[in-house]
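K.L.:
Residue numbers (the working numbering), protein chains in the order written: chain A, 138 to 366; chain B, 138 to 366; chain C, 138 to 366; chain D, 138 to 366; chain E, 138 to 366; chain F, 138 to 366.
Keep in mind that the hints were calculated from the coordinates and are not lab data. Positions of the beta carbon are idealized from the N, C-alpha and C atoms, including for glycine. Hints are not guaranteed to be accurate.
[Unchecked claim] Only part of the chain B face toward chain F is listed, based on derived beta-carbon distances under 10 Å:
no. : residue
1   : Arg191
2   : Ala242
3   : Pro245
4   : Glu248
5   : Glu249
6   : Pro273
[Stated by the list, open to error] Label-pair ranges, simulated between beta-carbon atoms:
no. : chain 1 : residue 1 : chain 2 : residue 2 : range
7   : D       : Thr160    : C       : Asp282    : 52 to 58 Å
8   : C       : Val169    : B       : Pro316    : 44 to 50 Å
9   : C       : Asp282    : A       : Pro268    : 17 to 23 Å
10  : B       : Arg189    : C       : Val169    : 45 to 51 Å
11  : D       : Ser151    : C       : Val159    : 16 to 22 Å
Chain residues, written in single-letter form:
6 protein chains.
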Amino acid sequence: MTDRIGAAARVVASTGTVIEAVTAPFGLPLIVTRADWLVAGPATLAALSSHRNRYDAAVIACFGDPGLDAAKELLDVPVLGISEAAFHAAAMLGRRFGVVSFTAALRPMFEECLDHHGLTARCAGFRMGPPFSGDPGTVAEERLDLLAGLCAESAEQDGAEAIILAGGPLAGIAPLLQPRVAVPLIDGTQAAVRLAEAMAGLMPRHPRGHRSRTLTGFAPEVAGLYAGP
Amino acid sequence: MTDRIGAAARVVASTGTVIEAVTAPFGLPLIVTRADWLVAGPATLAALSSHRNRYDAAVIACFGDPGLDAAKELLDVPVLGISEAAFHAAAMLGRRFGVVSFTAALRPMFEECLDHHGLTARCAGFRMGPPFSGDPGTVAEERLDLLAGLCAESAEQDGAEAIILAGGPLAGIAPLLQPRVAVPLIDGTQAAVRLAEAMAGLMPRHPRGHRSRTLTGFAPEVAGLYAGP
Amino acid sequence: MTDRIGAAARVVASTGTVIEAVTAPFGLPLIVTRADWLVAGPATLAALSSHRNRYDAAVIACFGDPGLDAAKELLDVPVLGISEAAFHAAAMLGRRFGVVSFTAALRPMFEECLDHHGLTARCAGFRMGPPFSGDPGTVAEERLDLLAGLCAESAEQDGAEAIILAGGPLAGIAPLLQPRVAVPLIDGTQAAVRLAEAMAGLMPRHPRGHRSRTLTGFAPEVAGLYAGP
Amino acid sequence: MTDRIGAAARVVASTGTVIEAVTAPFGLPLIVTRADWLVAGPATLAALSSHRNRYDAAVIACFGDPGLDAAKELLDVPVLGISEAAFHAAAMLGRRFGVVSFTAALRPMFEECLDHHGLTARCAGFRMGPPFSGDPGTVAEERLDLLAGLCAESAEQDGAEAIILAGGPLAGIAPLLQPRVAVPLIDGTQAAVRLAEAMAGLMPRHPRGHRSRTLTGFAPEVAGLYAGP
Amino acid sequence: MTDRIGAAARVVASTGTVIEAVTAPFGLPLIVTRADWLVAGPATLAALSSHRNRYDAAVIACFGDPGLDAAKELLDVPVLGISEAAFHAAAMLGRRFGVVSFTAALRPMFEECLDHHGLTARCAGFRMGPPFSGDPGTVAEERLDLLAGLCAESAEQDGAEAIILAGGPLAGIAPLLQPRVAVPLIDGTQAAVRLAEAMAGLMPRHPRGHRSRTLTGFAPEVAGLYAGP
Amino acid sequence: MTDRIGAAARVVASTGTVIEAVTAPFGLPLIVTRADWLVAGPATLAALSSHRNRYDAAVIACFGDPGLDAAKELLDVPVLGISEAAFHAAAMLGRRFGVVSFTAALRPMFEECLDHHGLTARCAGFRMGPPFSGDPGTVAEERLDLLAGLCAESAEQDGAEAIILAGGPLAGIAPLLQPRVAVPLIDGTQAAVRLAEAMAGLMPRHPRGHRSRTLTGFAPEVAGLYAGP
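Given these sequences and hints, build the entire structure.
P.N.:
Quick look at the structure:
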């Protein structure tokens, strides 16, 4: 998964940008519930901390953007989430954007994430496939026709001018679908890479002036972010 | 602080309700930033976990309600936050409620917390004192006249029919202020105790049907919540 | 109907709480339109007035909460509506709540009621049965399978973490349905009883300081509320 | 008061429109609280009922629009409230409208009324005078300079393109103020008269198909509206 | 088309009102996209300019209301759009209004237009027919049964108390449909005529005090509006 | 002005990006009113058209973003407005952003622009200077202390985590102010350049499949956009 995300990122990275894909050092293998999202936060911070000072911008490549708000505060470089990036990129490419995914079960999480980022008013609607219980690793290919149909409905009936392909299992599927869809398709990871580059140039390393504080009960990488620069 | 909260809770607890006030076993001594709020989440879960099966309902007695959404999912008893409880109680006692505190610096956090709980439309406005840099332990008494004035403005100009006294340093101040204010004053901890009792009777211990999962990198109490009942 | 409501209330009432179920002394037998809702207001106030000083809290057990805002103003004890209570209880038991009923015709009224109480943002969606023209007294049992299916859709597709069973004919049906539904089901009357108890302890009898005024053209019980304490 | 309203109405009425100003036959002399608003509803319905079939459209000339929603349902001709009319007229005369009144105490009621009519998004802001405890009958003239200043702030700083003069005591003041204000001033009664004429021509007498129902406990005029056409 | 619009307008115009139907002197024959809407703006201004001082109020008879905000600023008489008028009239005739059209493809445009006019909260929902690729000139008659069914759903399931027939091809169809629909049907052009009359009486010719400015690159009629009165 | 904008753009442009600053070929020298905004749209389209196929992305460097929605539709490369870019960049750099400008008179325009882009929920508030009637060319320097104070209030009292410097006269002032402000300052032009680069890499030249249409009454450059690729 980490490799696949790294590869997708490199496709759109600017010349000179080096992509390093990193797995969270601990936590849960899969993020599903609100509680999962919470504990994924410190795990994400640990990954960001252990590589600190080796990157100019960071992307949290997990839908739901765990740890994002904290990371923006604690780090002195821009940090973007892939949901956040998908919403902003879609909004800049078209006035109304749609969200398409392979299963209805993801709609609640995306609705809340969209609301958290404040862009609900720009969303033309969700078009989701039926419940799904197969292998997430192959669902994108298996449901390709379904996805093309949902994208057509999003564009033609909801007026979507750009469409976000939502959910981890759809990562990398955009190039296969784009020829069948009349409006731009957005891949969250790729949007995040481009927007992270943009923000890094706009607002370079920016010391946030935290004073050192002692955090107990967490992995040393997390506590290290509180110990100051 | 923990003792003061316990005492305030006991004032309104029903006969037969036993209040046990517990401090989070790790984390940070003070919760101020978004990152603080994130790391306070697992610390709160640890406290809730280590006493598991010994309570029928729980209150997270920290404005901002850290870990609240996760705790509601992971525990089989009702869990309420004191901000959450204050907003709901105020909304049930009056159609428009005001929020009053001793310093403007708390407004952004309360605005976001109010928005998170979805009750922004019920809020008649914030009335906050000027910036403050003294001792939080005595500010409530020192600014008592200021607070009475802010409450009067909230009721008379904003139309507040109930007023939330917001911020940890105002805990327990309601009885002193109430005689000077024409509308009900809400203390978050006390509201939470009464509402937790109410919910415990409405929805007794309710197994949530989680399957056991392995969480790494966190204190054993937190991981224990994922290990199943 | 009044008996059935009283029985449901007693199931959840705390030890020591005495439930007295009262029918409005005049008005209309059934509340359907906006105009009905208006005239049900003074009828509700009359019932509340004629028993004044004999209760510590009141529940208006009619969906749509007629007279609620006026009663909160005129009485010196907490008053809750069953719609209001259902929305608040659901919001405290789960971050997203669903609303389920046996017929689509009730959706507009509930949407407006939800909006009036300011909790629209917390609602995950409505799942309503098809138009219905049979006997309301038996519809709950007849459509039990339908209701179980709607609850499942609400939980699985809308992400509801608690579900309100809406509409008078569903009063008391929750115990029959709960074993078939994975998330807590909320009965408005029962929620209102528990929340009214909670508020009564938080904010005991609270003189509102009205001056005496003369109201003409209404039943003496209603005018009596204006005549002062 | 009734005479003054009638006179203001006649100033803008079309040729051929006859204005009949009617006082509610019972209720309260002054409408201030939510409870007042509720009981004013049936009183307004009684006035509308006792003249039934003698008018082609009706205006409820009380800020807060008591009984409006019920009257729209029960009568077969258009009924408009003066708050409702002011908001719609202002929205049609300018993209952003302001609300100006002589005292801050009226803001909560107008905010709720604006929200009830759904036009909050069009309001550029409220500009209200300081608390007031004098004679409402002369406040408009006494605070004329204050009102002119508030209107200027509304136009210049809030970007108001039309301004509503809100509150009963400002009825009829618009012609005195308009020469000192650069944007159109709206008088609610006058707006309501013109809009009621417009609606009467658009949607003439329209039987609503109610079946006859028995309403008890109210004045015969109110019950009469339920007895059918 | 222009003739048909003029005829519909005359049906509801008051005695003494003269309707002059005018075609935009340039631009595009059909307005579909956002860009079309933009360029239709100056074209509409040109039509309004070339007849200046010959009318007391103007109606822009194109759904989407091109040029409306600019026209309200530049002209000294009331200007209404037919979408704007339909929304306001529907809101005054019923608390919840529905929007019905023959094809889903029009929903996005109407949603945005509704949002622009700030009345989204009053809309009970859209009921649109399936995609359509036939002759717009005859679709209203061909889909009359479909439209009657959609109106019934809007009233019965969405609770619509008035219904807007949306889209140019439905102009003039209301009289055919009204006998089959239980709630008032709104034709945008007719609503606009009545409301323009209302506003003209409320706010007669009102010099806006523009200073003369030079606009280059546009047709002389458009530049003329900037040259001052 | 055009030169100053070009210089600011070049400061943040990536290596390899060539900035060409272009003035609209016709229209008005200053954009103030809604009507100005409308006519600036075709003028902007003309500038974009006359250089077509010579750029990979475009920025409309005028607050209010005239012609933006149309340009996004008509061109096959990304187009960004500087208001749009400022809002999105600020939202990605901090959860709450403030808007600061030298005069209150700009607030209404920015509020509407913010609402148009759908990011109102992310805005922590406006902090604007008093009315201003001097030379816009020097106001930024003259009011530098005022602006620093407004930025401090935005950060400390409104909780802004990034601040947009709004209004043409503040272009290029960010480097002077940044040392005095604790949170990132956003210059709209610079944000737009970085975001346009990002979008150009994400969604390269993308034929929009328009059919050729005839637009009359506009400058040939504008009509040319309708004539097809």
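K.L.:
Now tell me if each hint is right for this structure.
P.N.:
Now the hints, each set against the structure:
1. Below 10 Å, beta-carbon pairs count as interface contacts, and Arg191 (chain B) has none with chain F, the closest being about 37 Å; its hint is therefore violated.
2. Below 10 Å, beta-carbon pairs count as interface contacts, and Ala242 (chain B) has one with chain F at about 7 Å; its hint therefore holds.
3. At a threshold of 10 Å, the smallest CB-CB gap from Pro245 (chain B) to chain F is about 3 Å, leaving the interface hint in force.
4. A least Cβ separation of about 8 Å between Glu248 (chain B) and chain F falls short of the 10 Å threshold, and the interface hint therefore holds.
5. Below 10 Å, beta-carbon pairs count as interface contacts, and Glu249 (chain B) has one with chain F at about 8 Å; its hint therefore holds.
6. For Pro273 (chain B), the suggested interface contact is broken, since its CB lies about 17 Å from the closest CB of chain F, more than 10 Å.
7. The hinted range of 52 to 58 Å is satisfied by Thr160 (chain D) and Asp282 (chain C), whose Cβ atoms lie roughly 57 Å apart.
8. Judged by the Cβ atoms, the range 44 to 50 Å given for Val169 (chain C) and Pro316 (chain B) holds: they are separated by roughly 45 Å.
9. Checked against the given bound of 17 to 23 Å, the beta carbons of Asp282 (chain C) and Pro268 (chain A), roughly 19 Å apart, stay inside it.
10. Range check, Arg189 (chain B) to Val169 (chain C): Cβ separation about 48 Å, and the 45 to 51 Å hint holds.
11. Restraint check, Ser151 (chain D) to Val159 (chain C): a C-beta distance of roughly 51 Å breaks the suggested window 16 to 22 Å.
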